[in-house]
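Protein sequences, first through last, are from chains A and B.
Numbered by our numbering, the letters in the first sequence go through residues 1 to 501 in order.
Numbered by our numbering, the letters in the second sequence go through residues 502 to 673 in order.
Source of the hints: derived by calculation from the structure; they are not laboratory data.
None of these values were measured; they are calculated from a predicted model.
In this text, a Cβ means the ideal position worked out from N, Cα and C, and glycines have one as well.
Hints are not guaranteed to be accurate.
One side only, chain B facing chain A, incomplete, derived with CB under 7 Å [stated by the list, open to error]:
hint, residue
1, L550
2, K554
3, D565
4, G570
5, W574
6, A583
7, A632
8, L646
9, T648
10, A663
11, K668
12, R669
13, L670
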Amino acid sequence: MILRPRLEDVKAIGYYLGRIILALGLAMLVPIIIGMSAGEINPIFDFLIGAEISLVFGLILIKLCFVEKDLSWMQGMIVVSLSWLVAMLLGAIPLYLSGHWKSYLDACFDSMSGFATTGLVLAQDLDHLSYAHNFWRHLIMFLGGQGIVIVAISFFVRGASGAFRMYVGEARDERILPNVISTSRFIWLVSAIYFVLGTLSLSIVAMLNGIKPFNALFHGACIFMTAFDTGGFSPQSQSILYYHSLPFEIVTIVIMILGALNFRLHYHLWAGNRREIFKNIETRTFFATVLIIFGVVAFGLMQVGSYPKAALLFRKGFYQLISGHSGTGFMTIYAAQFANEWSQIALVGMICAMALGGAVCSTTGAIKMLRIGIVFKALKEDLKRIIMPERAVIIEKFHHIKETFVEDKIARSALLITLAYLGLYFLGTIVGMLFGHSFANALFESTSAAANVGLSCGITGVNMPAALKFTYIFQMWAGRLEFMSVFVLIGFIVAAIKGKK
Amino acid sequence: MMRSQVTCHTSQVKVKGLVLFLTCVLCLAAGDLFAQSISSSELINNAKLYEGKVVTFEGEAIGDVMARGEYAWLNVNDGQNAIGIWMGKELAGEVSFTGSYKSRGDWLEITGIFNRACLEHGGDLDIHAQAIRKVRLGRAVSERLNTGKRNMVFILSGVLCAVWILKRLKLK
């Protein structure tokens with residue numbers, strides 16, 4: 001028997017949702033400052049409107065739903081899934097008001113693409129977008145990559161257990177420090193330090209490449225935020241191709257890889273435990289998959305002679321591969337070149353890279369390295385069981401901060417999430433094919449959306465049917481939250497409709 | 502006899518004139534065809550077809566003029582895509598405005614060699630400019646105050662204050 005949710009459930013959800021909305025409203029003050037420093041007028045109004053609507057909405061929810069109780073598991077999960085949808089709707093307001101998005105749906109698409117660190121774009125005339133709006137696009141990617149709830153937990157949420165439930169709901173089940181609030185603050189500390197270093201590096205490279213100092217600093221900050229949070233937005237319409245610079249590409253590759261690493265691994269590296277990087281199952285799996293998939297991509301590119309020299313093939317192939325594998329989505333080629341000049345084998349390699357993703361407890365989406373490693377170990381264990389004598393004791397272990405046995409429970413959990421992702425990739429593929437796209441192209445774009453990558457082979461565009469836009473929005477949202485919170489929200493809605501008192 | 506010779510001569514002159522006229526028309530048409538700019542989508546989608554050929558591309562100069570030694574990079578957007586143009590510093594010096602939020606960039610006509618995967622520039626799809634013609638001069642865009650947005654800000658500020666006061670009163 002399904003029970004209908006109680007009023008106190010709704011109130012608790014509303015109260016915490018209100019606090020997260022307040023945090024979002026305050027975040028809109030940042031582009032206002034950017035706009036003021038660039039001497040922009042109307043963009044400031046756009047963000048004032050967005051911030052005021054958010055603050056009014058947040059304050060009303062807090063007032064109407066005031067509770068002192070901590071969140072339950074179910075409530076925490078629903079707060080997370082709803083907060084991402086509400087963030088999309090509110091974050092899209094200033095974007096839509098700028099006039100650079102054809103419809104509010106398009107603005108919502110880019111807003112979700114930003115928060116979910118995907119990087120697919122429907123903006124029009126991006127090269128004339130204001131500094132304020134451009135910064136907001138990159139900031140939402142940074143906030144989304146860190147985790148919207150992490151932002152709120154760090155500064156606005158009291159009660160450690162409720163905070164932990166939201167933290168887990170946002171697809172981060174690893175605690176770096178004993179307390180989840182300390183963990184969230186550590187994630188911010190790591191990101192802030194990398195932000196300073198990364199922005200400086202990129203700004204210096206940009207200045208050396210002939211970009212004016214103000215623009216160099218702006219581009220440096222924006223590109224850092226979307227590279228470290230493996231998002232993929234960029235200030236100009238050509239993505240990284242705009243810079244025509246090998247040093248810029250090298251720095252972004254380093255930042256993308258840093259973003260794809262587990263924050264727990266960052267903690268151990270900071271603590272001086274450098275050996276962990278060589279022993280950890282995630283970094284080993286990442287290294288192995290990059291090598292194997294690069295072999296596939298390079299073979300595919302050589303097969304059709306896409307690039308006349310090996311150095312060019314390496315530069316283009318490796319950059320797109322790291323961008324796809326880390327879930328970033330930066331491009332140094334045009335979307336149409338994927339479809340027209342890359343062979344089917346190279347595209348399959350790219351799809352695999354996008355589908356796998358980076359580390360758990362990082363800013364990437366997709367299946368993730370830990371699960372791939374565990375599934376591979378479980379498979380190896382089963383194969384050994386078949387080959388070895390029946391009496392032999394087969395034990396398979398993996399190293400992720402500590403040595404862990406591959407138990408059935410762990411393997412099942414990894415496999416379930418892997419299957420859920422595969423299902424999500426195919427859902428978008430079928431919808432894409434229903435709108436007349438080829439299987440390869442539809443699979444490429446769907447995987448890119450669901451794995452929060454942002455590489456495009458040309459399907460994503462302003463003239464895309466609304467149904468396909470909704471499908472990709474759903475994929476970006478579900479893929480970013482790793483399903484559990486989404487399933488709980490669906491269950492909650494079903495219970496509210498069909499449940500008994 | 503004389504009359505027929507004169508007629509024959511006249512008709513020969515007419516034919517020659519016609520041939521000359523047609524040649525001139527064809528030359529002009531060919532010149533026009535050569536000068537006709539190709540869109541970025543056409544270049545990107547049929548990159549192999551245009552590889553290594555001299556093309557004419559038109560668009561708005563956007564972003565920064567990025568000086569690299571004696572050369573410079575400039576990205577030019579024709580409304581569909583932006584393409585990187587590699588040019589000598591002296592050609593880049595002719596660009597007065599580049600497109601951004603506060604300006605419309607110069608509208609340029611670039612004639613140069615199209616590269617699908619440039620050997621010199623790490624495989625980038627680009628154009629190495631040989632000549633640049635400024636079709637339209639860019640301009641600074643003065644921002645007009647949007648009164649509708651301003652009024653909305655004032656109204657929402659009032660609502661926000663009211664909600665905040667109500668919340669404070671309840672707490673007290």
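Status of the hint placing T648 of chain B at chain A (closest C-beta pair under 7 Å):
Violated, about 10 Å.
Tell me if A632 of chain B is really an interface residue toward chain A, meaning its C-beta lies closer than 7 Å to one of theirs.
violated (20 Å)
Regarding the hint that L646 of chain B lies at the interface with chain A, is the smallest CB-CB distance below 7 Å?
Holds. Min distance 6 Å.
How about D565 of chain B: closest beta carbon in chain A under 7 Å, or not?
holds (5 Å)
Classify the hint on A663 of chain B as holds or violated, based on whether any CB of chain A lies nearer than 7 Å to its CB.
violated (9 Å)
Should the hint that R669 of chain B touches chain A count as held when the rule is a Cβ pair under 7 Å?
violated (10 Å)
Hinted contact L550 of chain B with chain A - closest CB pair below 7 Å
Given a least distance of 11 Å, the restraint on L550 of chain B is violated.
Please verify that hint: L670 of chain B, Cβ, nearest Cβ of chain A, below 7 Å or not.
violated (10 Å)
Mind checking the CB of W574 of chain B against every CB in chain A and telling me if the closest is under 7 Å?
Holds, about 5 Å.
Does the CB of G570 of chain B sit less than 7 Å away from some CB of chain A?
Since the shortest Cβ distance to chain A is 10 Å, the answer is violated.
Min Cβ distance, K554 of chain B to chain A: is it shorter than 7 Å?
violated (16 Å)
A583 of chain B as chain A interface residue, shortest Cβ-Cβ below 7 Å
The hint holds - A583 of chain B has a Cβ within 7 Å of chain A, the shortest such distance being about 5 Å.
Of the numbered hints listed earlier, those contradicted by the structure are 1, 2, 4, 7, 9, 10, 12, 13.
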